[in-house]
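Visitor: Turn these sequences into a full structure, and let the hints guide you.
In order, the protein sequence lines correspond to chains L and D.
Under my numbering, the residue at position 48 of the first sequence is numbered 48, and the numbers go up by one with no gaps.
Under my numbering, the residue at position 134 of the second sequence is numbered 134, and the numbers go up by one with no gaps.
These aren't lab readings, by the way, just hints derived from the structure by calculation.
Mixed in with the good hints there might be a few duds.
Using 27 Å as the maximum straight-line C-alpha spacing, the simulated DSS-like pairs for lysine-lysine come out as follows [stated by the list, open to error]: (1) Lys90(L) - Lys181(L); (2) Lys122(L) - Lys54(D); (3) Lys181(L) - Lys94(L); (4) Lys197(D) - Lys162(D); (5) Lys122(L) - Lys42(L); (6) Lys162(D) - Lys42(L); (7) Lys122(L) - Lys143(L); (8) Lys42(L) - Lys156(D); (9) Lys122(L) - Lys156(D); (10) Lys181(L) - Lys162(D).
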Amino acid sequence: MSNTGVGSTEPPRSAGAGSAGAGAGKSAAAVTIEGVTKTFAKGGTIAVQDIDLELQPGEFVSLIGPSGCGKSTLLRVIGDLVQPTTGTVKVGGKSAHQARLDRDYGMVFQEAVLFDWRTITKNISLPLELAGWDRTRRNDRVKEMIDLVELSGFESHHPWELSGGMQMRVAIARALSFDPKLLLMDEPFGALDEMTRERLNLELLRIWEASGSTVVFVTHSITEAVFLSTRVVVMSPRPGRIAGTVEIDLPQPRTADTREEPRFFELATELRELLRGRAVEPIQAEEVQ
Amino acid sequence: MSTVVAAEPGRSLARGVGHSVRDWIPAVIVLVAILVGWQAAIEAFDIQRFLLPKPTAIASRFWEERETLWAAGWFTFQEALWGFAAGCSAAIAAALLLARFRPLGTALMPYFIAANAVPIIAFAPIAIAWFGIDKGSKIAIAGVLCFFPVLVNMLKGLTSVKPSSIELMHSYAAGNLEIFRRVRIPASLPYLFASLKVASVLAMIGAIVGEYFGGSFTSLGIQIKSAAALFNFETAWAAILVACILGISFYLAISLVEHFAMRWHPSARGAQS
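Guide: Structure below.
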């Protein structure tokens, strides 16, 4: 828990959201999203509209919003899995496409997406195989990752022999195995029970502190967003827009006690109000339909 | 108690395919009951031998003519095997091609599903005109019979990979070839083996029914047909017994390959514990 050397990689908490931080140096931004709109051809649904967002290296940013607010789409646009209709995404100064080809992304989905025909070791080493690492280097790295996510003893197990929480830890280990600059997580703990989720939240923070990578985390849990993030981006639905940004100024490192602090509840309330403020109108409109 | 001791030597072999000898006992009892009931029914109701010969009569005929029957069986089995090999490999190649070029697959898939429902065996007499009265026509029928189910299943396996698996591979900058090699092909194996087992049965059917329309005398189809025509029903039944043994062995051989190729599959869970 007492990971040191983290303070230096911590994001500048005082820096304002978006434009204020941009002045510090544009080339240093981990992610720069400018005027991104995504319209799906099918039915002409506008998934996200006019998104401007900048992430600094080492930040842990959560995207939160009700279902259908386009937060997963935005994550996929950053990861170059979905092409924006208009606007640009730059990752570490490169185009999102180039960043993907350079293997700058570690992705974690709501499901663990492990391959049954591969053992835990082999699942974690998959991206390393694709990146052309030799066997000894792969084995060393996988061992390191297994220790990091505390799955020693399960190396030669198959995914279906593991619990949901353990599977998710494998997925996280796999995403981090090749040391990607950017970790993109799409509701990774959404399918887990509350206790497993809280434990994995703590583990994720420990891993994030140790790796120093930038994280974009999609969730629809307010408390999870407050607990994990350095900054939370609240999105409103149909079309998905940024309703507001909340800096999470809770001290690092976060512990189980962080959830009990008054400031934690204040921030959660702030987020809840932001979510409600923008959500009232569209929800009523939907009910009439 | 003595049965348990007698069963011991077979134990390790049986455990290898995921069953203990104990699991087989009910099935063996059923088999014995059927044979005894069959024999008793014929004697009790005086059933004519052209309707149904006694199991003991079939067994003794099987023993008397074992050399002819096994020679015929081997001949037919070879036809089935070649047809199976040709039909299945063509189907696997076609499935890979159609999965790689999806518009082609989408355009042709309805026809393959339709062709899968066609009683291909109806073409048997025409196949003889096309490929000759010898092995060729039987191999062709067996091959075509195997082709469609394997193609349709393999293609389904290759294309029913979860979108998130593909997204994951894309996030690692994996190309199409890598996605095929590391995701689509392994994911299609359960579908492939299910269809290969069906194809093994179809190959035997294709070869034997093909022979009914004419062919070498040392083949099961001709043996069965001519024995029945000569009212030699015990021989016909003995030949059918050979066909059954070969067909089941073929099926089990593929199941065994499946078992070893897919040790990773959740269905192998029982075998590991």
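Visitor: So, for every hint listed, does it hold in this structure?
Guide: Status of the hints after comparison with the structure:
1. For the hint linking lysine 90(L) to lysine 181(L), the alpha-carbon distance of about 13 Å falls within 27 Å, and the restraint holds.
2. A hinted pair counts as satisfied when its Cα atoms are at most 27 Å apart, and lysine 122(L) with lysine 54(D) does not qualify at roughly 57 Å.
3. Distance check on the hinted pair: lysine 181(L) and lysine 94(L) sit about 12 Å apart at the alpha-carbon level, within 27 Å; holds.
4. As the CA atoms of lysine 197(D) and lysine 162(D) are separated by approximately 25 Å, the hinted pair is consistent with the 27 Å bound.
5. A threshold of 27 Å between alpha carbons decides the hint, and for lysine 122(L) with lysine 42(L) the separation of about 38 Å lies outside it, so the pair is violated.
6. Taking the CA atoms of lysine 162(D) and lysine 42(L), the gap is about 20 Å. The hint holds against a cut of 27 Å.
7. Taken as a hint, the lysine 122(L) and lysine 143(L) pair is honoured in the structure, with Cα atoms around 11 Å apart against an allowance of 27 Å.
8. Of the pairs offered as hints, the one joining lysine 42(L) and lysine 156(D) holds, with about 25 Å between alpha carbons and a cut-off of 27 Å not exceeded.
9. Straight-line distance between C-alpha atoms of lysine 122(L) and lysine 156(D) comes to about 25 Å, which keeps the hinted pair within the 27 Å bound.
10. About 26 Å separates the Cα atoms of lysine 181(L) and lysine 162(D), which keeps this hinted pair within 27 Å; it holds.
The structure does not agree with the numbered hints 2 and 5 stated previously, though it agrees with the rest.
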